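Per our numbering, numbering through the sequence shown is continuous, rising by one, with the last residue being 568.
In case anyone wonders, no lab produced these hints; they're calculated from the structure.
Quick caveat: nothing in here was measured; it's all calculated off a predicted structure.
For each residue, glycine too, the CB sits at the ideal point set by N, CA and C.
Any given hint could be a false lead.
What follows is a set of in silico ranges between Cβ atoms, one per label pair, in the way DEER data are often shown [as the list claims (entries may be wrong)]: (1) D485 <-> N512: 33 to 39 Å; (2) E433 <-> P517: 28 to 34 Å; (3) E554 <-> N442: 39 to 45 Å; (4) D496 <-> Q419: 32 to 38 Å; (5) K405 <-> N474: 23 to 29 Å; (6) F399 <-> E369: 45 to 51 Å.
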Amino acid sequence: MAIPHLVAHRGHMETYPENTLLSLEAAMQCGASHVEFDVQCTADGKLVVFHDAELERTTGVKGNLFQMAYEELENIRAHEPERFSLAFFKSHIPSLTDVVRLLQRYPRVTAFVEIKEESLEQFGVENTLATLYRELEIIHQQCVIISYHYPALQHVKDNTDYHTGWILRDYDSNNRKLAEDLKPDYLIINHRKLPENEEPWPGSWHWMVYDITDPELAIHYASLNIPLIETRDICNMLEHPLLALNVDHQHGN
């Protein structure tokens, strides 16, 4: 039986505020061998781990990342007040540097680093990726750079040896041809967009599907040659006896 590896989507976001140090470390502490998080760029070129360009959904504060310097963001709390009230009031927006430092303590964990399209379009592919490469260099071997943005991934392929993952909006013949040209290491898609009970396109890549919180569904997708399952509820998923076989038993120092 194929047993998938689980990828912690924005950390353990079911239980903690997404993309925070708390959420990411909780996922790794309960045994995640893979984590995923989002990277945006601030007005002064600093990379932060955050999903939206707008602040309000996860901070409760109105504002746009692209119009704010990093020092303005440092004291804004990413505690998802709508979901959690004040339970995680001390959680801040982490810089990418903060997350890199955390990952250094978990050297066997693979990080899927999603560079967001909005930042690439706002600040340019070359500039944004140059900063990303520099910041990730110390954990280079742990990282997969992923994005919806095809030209950015082509830049990664042409200029570095980072592993890459293309996130697909559509499962269609045009994207299949583009995938065959790009040859990313991973193809990533919402599981609902795949045809039911069929193996997805074969190729030089590995497949990853999101967002799944049902252990049996994760095992089903593994049987269709999809080795990576992204989940918002990593710690509960890892309580399933089969999925627990791929737990990383290493903890941070």
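Checklist entry - Of the numbered hints stated previously, which ones are contradicted by the structure, given in increasing order? => result 1, 5 and 6
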